[in-house]
Every structure is written in structure tokens, then in C-alpha cells.
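Listed in order, the protein sequences are those of chains A and B. FYI, in this note's numbering the residues of the first sequence are 9 to 243. FYI, in this note's numbering the residues of the second sequence are 299 to 593.
Calculated from the structure, these hints are not laboratory results. Careful, some of the hints might be misleading.
Claimed, not checked - What follows is a set of in silico ranges between Cβ atoms, one per label pair, in the way DEER data are often shown:
1) A:G24 <-> B:I470: 54 to 60 Å
2) B:R498 <-> A:G24: 25 to 31 Å
3) A:R87 <-> B:A535: 42 to 48 Å
4) B:L496 <-> A:R215: 40 to 46 Å
5) A:R209 <-> B:R498: 31 to 37 Å
6) B:R498 <-> A:G49: 22 to 28 Å
7) A:D76 <-> B:A535: 53 to 59 Å
8) B:L496 <-> A:G24: 29 to 35 Å
9) A:L64 <-> B:A535: 48 to 54 Å
10) A:A185 <-> B:L496: 33 to 39 Å
11) B:R313 <-> A:R209: 40 to 46 Å
12) B:R313 <-> A:P234: 52 to 58 Å
Unchecked claim - Here are some chain B residues the structure puts well away from chain A; computed CB gaps all over 12 Å:
13) A371
14) S389
15) K398
16) V407
17) V447
18) E449
19) E549
20) S565
No residue lacks a Cβ here, since even glycine has one placed at the ideal position from N, Cα and C.
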Amino acid sequence: MIRLQGVSKVFGDGPGRVAALSDISFEVAKGEFVVLTGGSGAGKTTLLRMLYREQLPTEGDVEVAGFDVVNLSRAEVPRLRRALGIVFQDAKLLAGHTVFENVAFVLRVIGTPRREITPRAFQALKAVGLSSRAQAYPHQLSQGEAQRASLARAIAKSPVLLLADEPTGSLDEDMAAEILDVVKDIWTRGTTVLFATHQTRLVAELRRRTLRIQGGRLLKDEPATPAGGRPPGRG
Amino acid sequence: MLGYLVGEALRDLRRAGRVGVSAILLIALSLLVLGGFGLLSLNLGRAIAQWRERVRVVAYLRQEPAGPAEVDALLRKVEALGGVQGLRYVSRQEALDRLKQTLGAQAEVADQLPRNPLPASVEVTPDAAAATPEGAQELALRLGSLPEVEEVQGGAPGAEGLARVQRLFTWIGLGVGAVLALAATLTVTTATTLVLHLRRDEMEIMRLCGATEAVIRLPRVVQGLCQGLLAAIVALAALEVLYAVVAPRIEPLLPVTLGIGRAVFLSIPEMLGLMAAGAALGALGGVLATRHSHP
Chain A
9 MIRLQGVSKV FGDGPGRVAA LSDISFEVAK GEFVVLTGGS GAGKTTLLRM
59 LYREQLPTEG DVEVAGFDVV NLSRAEVPRL RRALGIVFQD AKLLAGHTVF
109 ENVAFVLRVI GTPRREITPR AFQALKAVGL SSRAQAYPHQ LSQGEAQRAS
159 LARAIAKSPV LLLADEPTGS LDEDMAAEIL DVVKDIWTRG TTVLFATHQT
209 RLVAELRRRT LRIQGGRLLK DEPATPAGGR PPGRG
Chain B
299 MLGYLVGEAL RDLRRAGRVG VSAILLIALS LLVLGGFGLL SLNLGRAIAQ
349 WRERVRVVAY LRQEPAGPAE VDALLRKVEA LGGVQGLRYV SRQEALDRLK
399 QTLGAQAEVA DQLPRNPLPA SVEVTPDAAA ATPEGAQELA LRLGSLPEVE
449 EVQGGAPGAE GLARVQRLFT WIGLGVGAVL ALAATLTVTT ATTLVLHLRR
499 DEMEIMRLCG ATEAVIRLPR VVQGLCQGLL AAIVALAALE VLYAVVAPRI
549 EPLLPVTLGI GRAVFLSIPE MLGLMAAGAA LGALGGVLAT RHSHP
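Model the full assembly from the supplied sequences, consistent with the hints where possible.
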């Protein structure tokens with residue numbers, strides 16, 4: 009699902025040159041739940057931005073969902089992104105649109121047939137437990153609900169890979185646990201997940217395969233502990 | 299998807315508010331100037347065409363031919379010069395009768411002349427190829443070379459003067475219209491940029507979820523296009539009102555000044571052309587605004 013080979017990213021040049029990522033290589037298989045962790049400025053966000061082609065590596069190869077990301081033409085970028093669900097620390101919901109409209113909006117702009125939009129949007133809201141708040145506006149939601157709405161928007165288009173960039177970063181423990189449960193549920197339905205977080209307690213709780221990066225380098229690739237292994241029925 | 303594009307474009311038009319309205323008014327003003335000068339040019343063109351149709355070259359004869367046989371022989375000679383569509387022999391008596399008719403109430407002045415001072419002449423209507431200033435001049439030179447001819451007069455100097463005025467109007471119209479069109483395009487660009495700013499979050503989400511650039515940008519181009527079309531409708535309505543007010547007042551003067559019976563309005567293809575120009579101006583503003591919108 010994901011393959012990075014010798015990936016480096018350098019910002020700027022001369023004395024202001026900053027190496028954000030250095031020689032990162034790893035693979036994520038289809039159906040895996042992988043945690044990407046590291047402190048602030050470790051390079052997690054830069055790495056994720058490369059996966060959805062918001063940034064290009066200075067060196068190395070990136071393959072995501074069968075797309076050669078580095079050599080992808082600009083016209084093909086939307087095809088890659090349609091295969092992905094992306095969530096951020098900030099839910100990025102559109103103010104002035106209801107929760108339902110936020111989810112339906114994404115389906116509409118990627119050209120989903122009109123008759124499929126409403127059922128798929130409601131299905132996604134149901135999957136994150138937000139059906140009852142479909143007509144609420146973003147300012148009427150708690151942070152946890154906003155993040156669940158963001159997850160519903162990400163999964164409405166049935167992505168093969170969910171990229172989560174600190175989705176629990178600004179939430180209290182209860183809300184973070186709530187979001188984590190939703191993400192795990194999405195994973196059990198067959199979506200590969202790459203979950204970036206700096207919250208060590210969360211990493212310990214998850215007990216999934218963990219990629220630890222620090223200073224732009226991959227320090228450790230720790231396998232899942234038995235209790236956190238693969239979901240039932242997976243190979 | 300078409301419904302989405304148009305719906306989004308109209309929503310953006312409402313969001314652009316006063317800047318959007320300014321853009322529509324500026325495009326309408328530029329189209330009004332273009333259309334107004336076009337209307338003037340159109341009617342001057344009609345006058346010129348009619349004046350050109352009336353081009354006559356008159357060859358005054360040294361002596362009146364002695365009889366019908368000599369008149370026929372002379373007319374055949376003139377016809378053989380080429381560039382002739384029609385010929386008419388005017389005897390000295392006919393020339394005097396015409397003078398009297400022109401003098402009207404003062405016709406008796408002509409009767410008091412000791413003798414008829416007017417020469418016989420041949421009035422020549424040039425064919426289409428010779429009905430230009432250059433063609434008429436060449437025909438006059440050929441007529442002047444005939445021994446029977448004493449003097450040649452004619453041509454269409456008025457038509458050429460009018461043609462110069464028409465060209466001047468066309469250039470002024472294009473010049474002023476172009477300046478206004480530039481201002482209008484920049485205003486559309488500003489209105490569209492404002493909408494892009496208001497919708498930057500939405501566009502970011504669209505890009506991240508995999509919407510194509512066409513889906514992201516086209517509503518902005520359609521927004522500009524709608525502004526241009528609305529402006530063209532406003533400009534055409536204003537032109538129609540101006541025409542309805544001005545035309546009845548100047549029409550009595552047209553036969554004696556320009557030689558045309560009435561002023562005409564733009565034809566349907568010309569109106570469609572103006573609408574297309576408005577749409578193109580608006581769309582151009584939209585394209586310019588979205589060209590640099592990619593983060």
C-alpha cells in the first residue's frame with residue numbers, strides 16, 4: 009500500500025538549509041494499521057504530505073496505493089487523492105455547511121453520481137456515530153464531534169488508505185479515545201491506516217506496528233504487540 | 299456536474315457582492331461604448347454604400363451631336379472605354395429643363411438668358427469595379443481622352459469623406475472600448491480573486507479530497523462568464539433605450555445629411571457578437587484570477 013525508498017526532504021539551500029527527512033525507507037502492507045510517532049518537528053507531517061503529494065521528496069521513491077507519487081503528473085494527483093482519506097488535527101470543516109453537507113460536498117466535487125451522494129454521506133456519518141448530528145453546523149459541535157465529522161468526510165469516498173495527521177492532537181483523553189475507536193473501526197472495515205501522533209500514551213494503548221522518527225530519521229520500526237495485531241479475518 | 303458548476307458560479311457571484319456588481323457595470327459600459335460606436339459605424343457604412351451607388355461621371359461635350367445617329371455612335375464609343383454600367387445622353391435642352399426644375403420658382407431666370415449656355419453631356423454610371431474613387435478617376439481620364447469631350451466631372455468625394463469618418467469612429471470605438479474592456483477584465487479578476495479568498499478553505503478541501511483542477515477552477519471561469527453575459531444584456535438594453543430615444547429625433551435629418559431614410563439597430567448576429575464579447579471578457583477575468591490560485 010505504501011512504499012518509501014531512500015526518501016529525503018530538504019527545505020531551502022545554503023546556510024538556511026533544513027533536512028526535514030533523511031533516507032527514510034519503509035513499507036506498509038494493505039490492511040495494516042501503522043502508527044507514525046515522534047516529537048514535534050520530527051518530520052511526521054512532512055512525510056504524510058509526501059504521501060498525498062502535497063510535497064515532493066528531494067530524493068527517493070514514494071509509492072502509494074499503486075501510484076508512483078514522485079513521477080505522478082499534476083493531472084493524475086486527484087486520482088491518487090481520491091484513493092486516500094486524509095484527516096488533520098484541525099477538522100477543517102466548512103463553516104456555514106451542516107455536517108451532512110460537509111460530507112456530501114466532498115462526494116459531489118469528486119463526481120459521485122447524484123443518487124449515491126445522500127446514502128453514502130449518511131452511511132459515513134453512521135460509521136462514525138454522527139447520524140444524529142447530521143444537520144448540526146460546525147460551531148455547534150464539540151471538538152470530538154468535529155473530528156468525527158472530518159473522519160466521516162474522509163471515509164465517505166471509500167478510501168483504500170486513511171492518513172491521519174494528529175487527529176487527536178487537540179483533544180482531551182476521552183475524546184481522543186473516542187476518535188481512536190472510530191479509526192480502529194474504520195480499519196476493521198478494511199481500510200489501511202497510517203496514524204501520526206506525538207502522544208506516547210496513545211501509541212502505547214494502540215499496540216500497533218509503530219514507526220518512530222526523530223530529527224527526520226526513522227529510528228525504529230516496531231512490530232505490533234500481540235494484543236494490537238491484525239483484525240480478525242485478515243491475512 | 300454542469301448544474302454544480304453553474305450553481306457554484308451563481309453562488310460566487312452573489313458572494314462577490316459590490317465588487318461583482320462593479321465588474322458587471324464596467325463590462326456593460328465597455329460594451330455600450332463598443333456597441334454605440336458600432337451602431338454609428340453601421341449607419342455611416344449604409345450611407346457610404348448608398349453614396350457609392352450614386353457615383354456618376356459626367357462627360358461634357360464640345361458640340362451637341364447633330365442627330366440620333368451621331369448620339370448612338372458617341373454612346374457606343376464611350377461604352378467601348380470599359381468600366382461602364384449605364385449611359386445616358388443629356389441634350390442641351392434637357393440640361394436646361396433640369397436647371398429650370400432645380401430653380402423651381404426662380405425658373406424664369408433661365409428664360410431670360412439670351413441663349414442656352416449649357417453643354418450636352420453623357421452621364422456615365424460606372425460598373426461595380428469602377429465605382430471607387432480610383433476607378434472613377436481612371437474612367438474620367440479615359441473619357442477626357444475622347445475628342446468629343448471637353449470636360450469630365452464626377453466621382454464620389456463625399457462618400458470618401460464619410461468613409462474616413464466611419465474609420466475614425468471605428469477606431470475611437472475600438473480604442474475606448476479596449477481601455478474599458480481592460481478595466482472591466484481587471485475588475486472581474488478582482489471580484490473572482492475576492493471569491494477565491496473567501497473560499498480558500500473550501501478549495502483546499504476540494505484539492506485534498508481529489509477534485510480535479512477543472513472542477514475547482516471552472517466555477518470561477520463560469521462566474522466571470524455569467525458576469526460578462528449579464529453585462530452584455532445590460533449594455534444591449536441601454537443601447538436599445540438610447541436608440542429608441544435618439545433615432546426618432548435624428549431621422550428627419552438623415553435623408554438630407556447622410557442620404558439614408560432611417561437609422562437601423564444592430565442585427566441579431568451583431569447583438570450575439572456583443573454578448574459573446576461580454577462573455578469572453580468575463581471569462582478572461584475568471585481565468586486570470588484562477589491562474590495563480592494553486593497553492
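Taking the hints in turn, this is what the structure says about them:
Look at G24 of chain A against I470 of chain B: about 56 Å separates their beta carbons, and that is inside 54 to 60 Å. The hinted range of 25 to 31 Å is satisfied by R498 of chain B and G24 of chain A, whose Cβ atoms lie roughly 27 Å apart. The beta-carbon spacing between R87 of chain A and A535 of chain B, approximately 46 Å, falls within the hinted interval of 42 to 48 Å. Hint check: L496 of chain B to R215 of chain A, Cβ distance near 45 Å, so the stated range 40 to 46 Å holds.
Taking the beta carbon of each, R209 of chain A and R498 of chain B are about 35 Å apart, inside 31 to 37 Å as hinted. About 26 Å separates the C-beta atoms of R498 of chain B and G49 of chain A, a value consistent with the hinted range of 22 to 28 Å. Restraint check, D76 of chain A to A535 of chain B: a C-beta distance of roughly 56 Å satisfies the suggested window 53 to 59 Å. A beta carbon spacing of about 34 Å between L496 of chain B and G24 of chain A agrees with the range 29 to 35 Å that was offered as a hint.
In this structure the supplied range 48 to 54 Å holds for L64 of chain A paired with A535 of chain B, their Cβ-Cβ distance being about 52 Å. The hinted range of 33 to 39 Å is satisfied by A185 of chain A and L496 of chain B, whose Cβ atoms lie roughly 37 Å apart. In this structure the hint that R313 of chain B and R209 of chain A lie 40 to 46 Å apart at CB holds, the actual value being about 44 Å. For R313 of chain B and P234 of chain A, the Cβ-Cβ distance of about 55 Å falls inside the hinted range of 52 to 58 Å, so the restraint holds.
Every CB of chain A is more than 12 Å from the CB of A371 of chain B (nearest about 82 Å), matching its label as outside the interface. Distance check for S389 of chain B against chain A: the nearest CB is about 84 Å away, which clears 12 Å, and the non-interface claim stands. The beta carbon of K398 of chain B sits about 85 Å from the closest Cβ of chain A, which is more than 12 Å, so the claim that it is off the interface holds. Non-interface call for V407 of chain B relative to chain A: holds, since the shortest CB-CB distance, roughly 88 Å, exceeds 12 Å.
Listed as outside the interface, V447 of chain B is consistent with that label: its C-beta sits roughly 77 Å from the nearest C-beta of chain A, beyond the 12 Å cut-off. Against chain A, the non-interface label of E449 of chain B holds: every CB pair exceeds 12 Å, the least being about 77 Å. The claim that E549 of chain B is not at the interface with chain A holds, since no C-beta of that chain comes within 12 Å of its own (minimum 56 Å). Distance check for S565 of chain B against chain A: the nearest CB is about 41 Å away, which clears 12 Å, and the non-interface claim stands.
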